[in-house]
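Student: Build the full structure now, drawing on both the sequences and the hints.
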Amino acid sequence: MCLAIPGKVIDFVAETPQLAVVEVSGVKRQVNVDLLRDEPLGPGDWVLIHVGFAMSRISAAAAEEQMRMLSMMGEDLQAMEEIEGYQFGQDPS
Amino acid sequence: MKYVDEFRDPRLIRQAADEVRRLARPDRHYRIMEVCGGHTHAIYRFGLEGLLPGNVELIHGPGCPVCVLPMGRTDDGLALAELPGVVFTAFGDVMRVPGTKGSPLEHKARGAEIRMVYSPLDALKLAQGHPGKHVVFFAIGFETTAPSTALTLLKARQLGLGNFSVFCNHVTIIPAIRAILDSPDMRLDAFVGPGHVSTVIGCRPYEFIAQDYGKPIVVSGFEPLDVLQSLVMILRQLADGRSEVENQYARVVPWEGNLPALRALEEVFELRPYFEWRGLGFISQSALKLRDEFAEWDSERRFDVPGIRVTDPKAAQCGEVLKGVLKPPQCKLFGTECTPERPVGALMVSSEGACAAYYHYVHRMAAAGSLEG
Ligand code: SF4
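Read top to bottom, the protein sequences are chains A and B. Residue numbers 71 to 163, in this note's numbering, belong to the letters of the first sequence in order. Residue numbers -10 to 362, in this note's numbering, belong to the letters of the second sequence in order.
Don't read these hints as lab results, they were simulated from the structure. Beta carbons are placed, not taken as given, at the ideal position from N, Cα and C, and that holds for glycine. There are no misleading hints in this set.
Simulated crosslink set (DSS-like; lysine-lysine; CA at most 30 Å straight-line):
#, chain 1, residue 1, chain 2, residue 2
1, A, K78, B, K144
2, A, K98, B, K144
3, B, K122, B, K97
Where chain A lies over chain B, by a calculated footprint (3+ residues, C-beta under 8 Å):
#, stretch
4, 24 to 37
5, 185 to 196
6, 232 to 245
Computed far set for chain B versus chain A, every beta-carbon distance over 12 Å:
#, residue
7, R11
8, D16
9, L41
10, T89
11, L170
12, V221
13, D287
14, I297
15, V299
16, E326
Tutor: This is the structure:
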């Protein structure tokens, strides 16, 4: 829950603009970007994700640093598990 | 110095460590608290204490949400899980937290409907998909995760979702810092401020620490170099006789915080008059509860929550460790009765807990070393 996962915004979800598709190490998932509504956010921007919500916009360099940090801490697998685990943007199965 | 070579920029690390040594006056002892459990984890993981001079002591603070949750709250949540038709959902970190009759994971093994989720929105989705069930989300965390719960509740209200509620255990960091500053057995010189909590609340709420208590606080990133640079900034302030709020982590933390997140917190939550923190006792206005407008989605108002209070086993010294009075291995249960595999206290559960971090990176390494030797 305390993991901050860096992701790159790829696209927005047409019907629900508070959701964006982000990519983390090749895995694409929808996350909620409503908390960044005060600032311009577009495809190619990087964000830090906590429990399915983008909490801050960061630079590409800071995103890269954060990813390396997670792997140094041995938390990169956990982070990928979390990203892959987000169900709310997936079709009901 | 055993880990230095694996850092990204060993030269900068050495420089920063040298600067710490240069700034720390040999005739003085410095006690600096890192508030956030993420920092505690990083400090042990990277062996940062080994880079510091002996008179610069790091005290591990209360910033690990599962560590400060009283066992009674876990029991209360699990009592909800036992109600017919209820699906209990929680983050992975909560699943192994021991309650009186075992952890959520153990309750699940005994047949309770318990699901791990990665986001409160997943719990909401589960409720939408199972109209015949009631989904309880066990919400926990500081200001980093509380806005996510707030937005999820706003969505539940918008959807008019009747089979979803939140058992709210969100706590706020500022009153805890104040309680520590007011505690008579605490003698601290400065704080390393939490990184991700500050992306939400910004740096302004820390001003009382500098102004009223005269202690420096530096909001810090989590890389080894970040932590060392923050210590340098703190020691410079102390050397100059300054006490200010500084932001070492400006690449992520805006000074004003995240305004939409603060607005969402304000709309959905209000402060509880008081809340119990494990190890710290009752702290007034230190936790969040749902506003009346959200009563329908508040598990505590929808169900009869027993309100269980459990005192920790006498020998468990989680409170002293949480306040930085004792180091983890000084607890009598450490490494014997209390291990990450069989935790007695919550500090042994989460990797951000001081006991678990110490166990993984110091205790086990030392044990491995003595086996080799
Ligand atoms: S070793 Fe266990 S009982 Fe002792 S302080 Fe740590 S978590 Fe608490």
